[in-house]
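Peer 1: All chains, please: the whole structure from these sequences, using the hints.
Residues per chain, in single letters:
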Amino acid sequence: MSDWQFEEEEFHTSTNVGTLGRILRLLIPHKWMALGFMVAIGAVAFIEAALTFIGAQIIDQGIIARNPQRIVELVVTYALMMFVLAFGVFVFIYLAGKLGQRVTYDLRKAMFDHLQTLSLTYYNKTPVGWIMSRVNSDSERIADLVSWGLLDVIWAVMNIVTALIFMFSINWQLALAILPLIPSLWFAALWFKARILLHYRESRKYNSEIIGAYNEMITGVRVIKALNREATSLEEFGDLTRSMYRASYKAAWYSALFLPTVQIMSSLAVGAILVLGGQQIVGLTGEALGLTIGGLNAFIGYVTFMMWPVQDLARVYASMQHAIASAERAFSLLDTKPDIVDRPCAVEVDSIEGDIVFEDVTFYYDADKPVLTNFSLKVKAGETVALVGHTGSGKSTIVNLICRFYEPRAGRILINGRDYREIALHSLHSKIGMVLQTPHLFSGTIRDNIRYGRLEATDAQIEAAARTAGAHDFIATLEKGYDTEVGEGGVLLSTGQKQLISIARAILAEPQLFIMDEATSSVDTLTEALIQKGMETLMEGRTSFVIAHRLSTIKNADRIVVLENGKIIEMGTHSELLRQRGHYYSLYTKQFRREREAELERALEMA
Amino acid sequence: MAQIATKATTADTFNVKATLAHNRLLGLWRLLKGYRPMYLSATLSLGVAALLMTGGVLLIRYFVDNILVRPDESFMTAALAVALLYVAMQAVRGFFSFRSNERAARVSESVALRLKDYLFDHLQHLPFAYHDKMPTGELIQRVTSDVDAIRLFFAEQLIGIGRIFVLFVVNFAALLFLHAPLALLSVLVIPIVMVLSLFFFRRVSAAYEDFQEQDAVVSRTVQENLSGVRVVKAFARQDFEKQRFEGENHKKFRLGTRFMTMHAIYWPFTDVLMGLQTALGYLAASLMVLDGQITLGTYVAYVGVVWWIIDPVRNLGRLIVQVSEAMVSYDRLSEVIRPDWEDMGYGLPAPVSQPQGRLKFEGVSFEYEPGKPVLHDISFEVEPGQAVALLGSTGSGKTSLMALLTRFYDYTGGRITLDGVDLKAYPRVFLRNLIGVVEQEPFLFSTTIRNNIAYGVYREVSQEEIEAAARAAAAHDFIASFPEGYNTLVGERGVTLSGGQKQRVALARTLLKNPRILILDDATSSVDTQTESQIREALDGLMSQRTSFVIAHRIQSVMNADLILVMDKGRIVQRGTHEQLMAERDGIYRKTYDMQASIETELERELSYVGLAV
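First to last, the protein sequences are chains A and B.
Heads up: the first sequence begins at 0 in numbering that gives the first Met the number 0, then just goes up one per residue.
Heads up: the second sequence begins at 0 in numbering that gives the first Met the number 0, then just goes up one per residue.
These aren't lab readings, by the way, just hints derived from the structure by calculation.
One should not assume that every hint holds.
What the hints assert, rightly or not - The calculated PhoX-like cross-link candidates involving lysine-lysine, where the alpha carbons are at most 20 Å apart (straight line), are:
id	chain 1	residue 1	chain 2	residue 2
1	B	Lys359	B	Lys423
2	A	Lys532	A	Lys554
3	B	Lys371	B	Lys568
4	A	Lys336	B	Lys250
5	A	Lys377	A	Lys566
6	B	Lys241	A	Lys108
7	A	Lys430	A	Lys379
8	A	Lys108	B	Lys250
9	A	Lys249	A	Lys204
To be verified - These stretches of chain B come out as covered by chain A in the derived footprint (C-beta under 8 Å, 3 or more residues):
id	region
10	15-29
11	170-178
12	222-236
13	257-263
14	427-434
15	439-450
All C-beta atoms, glycine included, are put in the ideal place defined by N, C-alpha and C.
Peer 2: Printed below as a string of structure tokens:
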């Protein structure tokens, strides 16, 4: 289970301008939405600053000038602007929120669709957890940056700029005097954010170790108890929780200090405003510089609230590095080229019936570890071939090559005399039926899962396929029959039952080529017999490849191919091979004993 | 004999169970034990900080009313004094606000630490019956996210509600002091905002849950597609999959937009309410200045204070919804904490301090769940040094019987005695030290092989001892073949060992522990025959000095035992030595033996069909 196993993520600190540009280009399809929220947030920031200015005018033009008429006018203006502001707030929350969701949606769609085109080679070397993180969290982080992150930046910049404009227009000397506040706040914000983030990450790291420790303790509780290990394991765990405590506390310490620090910085500016501004108001500076009490009050307001935009900027800056790292990974997924694509000259074919020929096929996953070297095999149309051999002998590779999940690195595979790379992938795959060793069912009903073989099949056809596969009887015993949900939250099916369903799925597909990877785990006798029967139906008259483990399957095959290290070491019918008294002989006798012993075990259980 | 772990837990582990209460707030209050003064001081600091902030506003009022009216030389000194006082007040305020946050963090992190440590210890002391039933994933979910919810309750929610309350009280008091009617006029909108906030956040949290659920569906769809990639490709269903994903992905987009739209309505709506309230206040206050009812300074102070009353209330609903979620987390944690520990008997003396290993089962029965017995009327005796073999199919009760010896479960009927004394009189910790078990699918910890082998011993262990144990378990050679030898990490971050290799490491672990009684539960099922005979040789020597039990399902592995017990459906159906059992022609033992032999005959027949004589 990977739910609680966090991935260690490398954190980039560099700011890659190219990636940032590509992130921003994600907005192009939604440029009106993006433009809309930018205008709205800009307007909101402007109105916020303007409201403070109106507040100043109420004091100067209304109260000090003793003009009630003007007061009413200004208050009405204030109230009306509040409505405009509210409208702006509505627009930016709505648009930025929707845009964030939309970009997440776009990215996930793009990644998912792209994943469908990638070849098995990619899936073999990329852990599912890695891909999941790209689709789940990276897409959100990127979307957050272009919606809320961008919003914060624009708000903060607009806020600072408009506040400065108003301050300079009220009194430029005073504005100039407190200008150094802005870079100081910026510097403090960055300094603190960096430290908070550092300790926060450290604490997350310990957190995932703690989750790991819980997991290990719970799954290993038998051993802990049997070895009286409780005290020691608690002590070890205590080291982890204490480390996490220290890291979290440090992060909290810095963030507790951050706000007071910037507040004190602002208060210094307020102090300066009181002294310098007061001096002007009372007329001590000699010349009338025009500062009023309202203006003074507005200055205090601007300065006190200046720390918020600066803090927002610092936060976005910190999370931007994070989002860029996310984007680099997400884009690397999107940029991965599929290994197997249709050749320009690929043709659609109606049928892939005919002989299948491996001609000097060489294949490897890593160049220094060849799996198949100059492998040749000719299979006649309608023939059933059993592939036997140890793990790693190349059985699965052969099957994967036939399905064109991989393509030969050298040599070629001919279907009906034609190199299969000239056939369109879709037309090849739609004629193959496959049953896997660990059958994969999708969440949904049993009916949905069988229908996966042929999407346009009717319910009657689905039931017929299930009957042929021998799956109908057990399905009928389920309370909801074909509408039973499988997978998470649904009923638990045994491996054997899943295999029956996947055989029904393959039968429904009416494939021209059938591929089966037999389950190694033991299945109860009845299900086993049903699976056998279903397989036989499927293999009848179809070219079939079976990675065989069961003796009955092996014996019934038209031809048995014994593989070792990617080479055919023996080939022939069951009796021919037994007579050779070679590898097949020893594989067979071993398997014979194993199967019989398992039967014996079951017989004893029944007794 | 290995040193016994005698203490239950490290001394400073707080007993969380004693704090549980049906009233959740009371329970949370008790959980704070030892940190209450600190938490109180965090809350008080919050109040002091709020007072100083409002004090700053009042100081500006003084400045406007009393300093700005002095157009003479005394202004500078007075203004400087006010400015300095202002900065000083903000510095002190900063100190208290820091102190408040820092203490709240310290308390909440300490409570989380306390909970995590306790839960860890608690879970490892719960009886097996609990772990048998509880899925690991769910337990982990509770001990991580629910603990974090409690932490947030103390770190942010409770103190956040306190903050809103304090800000309101202090600033409202300041307003009342400035001008009572004006104060009352300025809070008209507060009840409306409060109700709206509660209503909105309740709704929005439901919408958010829907959104989160759909997010999980999207994630599951991707996961399924990735794990079924071969099926998708084999049936060429890429377009179908894209459509399926599109459906879920788009639904999530819609739910997300709905949730954002709710925010887009709430915030501007309250903005308007607040704006109108502020405008009304400005109007009234400024006219009062003209009227001479209040001073200009009072007006300035009023403008500075009024915002701090209204704005925080907008967030009240959010905090209250979060608190109710924290309460649910508390309930879930209580459920985990409530079950009783297995009594380990730490520090209690054993009735027999050096048992020889004479075991006697007298009509023992056992059931995991009442009414469903898995062992019936088990009686047999074992002399010290004897080897007993248990033979039977899966589910016949062999493993359950052995689990009674270590008191992983207590038998429900009859009596087991060890050296003449009832097993239940022995402390569990003593028994587990006395008995070594090697399981069929042994569990190794994700640490080095060396640590895994030394896992059951509480003293310094030399490399020689470790190697000797590994050699006896036929594990040394494969361990030595790793580049890092005994320091090789096993598990996810290290090498993956095969089933047979794991069994051998586990065997070495048990051998190093050097137990008086040895239980091998199909412990060599995953090793090949050659290795098995190597291990057997080593074991024969060890087993001769110990009482030992061997669980197996193949006759070859039990033939040499002093006593063979054949089990079926929780009963002993046959007992004796190999020779005795072979003499019972109708017994399961003989039948099994014959059937195993018949496999060879059948094989011969098979081969003769194709013209091969064996």
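Peer 1: Decide, hint by hint, whether the structure agrees.
Peer 2: Hint by hint, here is what the structure shows:
Taking the CA atoms of lysine 359 of chain B and lysine 423 of chain B, the gap is near 13 Å; set against the 20 Å cutoff, the hint holds. Between the alpha carbons of lysine 532 of chain A and lysine 554 of chain A the distance comes to roughly 14 Å, so the proposed pair stays at or under 20 Å and holds. Restraint check for lysine 371 of chain B and lysine 568 of chain B: satisfied, since their Cα atoms lie roughly 12 Å apart, inside the 20 Å limit. Of the supplied pair hints, the one linking lysine 336 of chain A and lysine 250 of chain B is violated, its CA atoms being roughly 29 Å apart against a limit of 20 Å.
Our distance criterion of 20 Å between C-alpha atoms is met by lysine 377 of chain A and lysine 566 of chain A, whose separation comes to about 14 Å. This hinted pair checks out: lysine 241 of chain B and lysine 108 of chain A have alpha carbons roughly 8 Å apart, not beyond 20 Å. With a CA separation close to 17 Å, the supplied pair lysine 430 of chain A and lysine 379 of chain A stays within the 20 Å bound. For a cut-off of 20 Å, the pair hint linking lysine 108 of chain A to lysine 250 of chain B stands: about 12 Å separates their Cα positions.
For the proposed pair lysine 249 of chain A and lysine 204 of chain A, the alpha carbon gap of about 14 Å is at most 20 Å, so the pair holds. Requiring three or more residues with a Cβ within less than 8 Å of a Cβ of chain A, the coverage given for the region 15-29 of chain B is violated, as only 0 such residues are present. Closer than 8 Å: that is the beta-carbon criterion, and the region 170-178 of chain B has 0 residues meeting it against chain A, so the requirement of 3 is violated. With 15 residues carrying a beta carbon less than 8 Å from a beta carbon of chain A, the region 222-236 of chain B meets the three-residue requirement, and the given coverage holds.
Counting residues of the region 257-263 of chain B whose CB lies closer than 8 Å to any CB of chain A gives 5, which reaches the minimum of 3, so the coverage claim holds. Counting residues of the region 427-434 of chain B whose CB falls under 8 Å from any CB of chain A gives 4; the rule of at least 3 is met. Against chain A, the region 439-450 of chain B contributes 4 residues with a C-beta closer than 8 Å to a partner C-beta. That satisfies the three-residue criterion, and the hint holds.
When each numbered hint is compared with the structure, violations occur for hints 4, 10 and 11.
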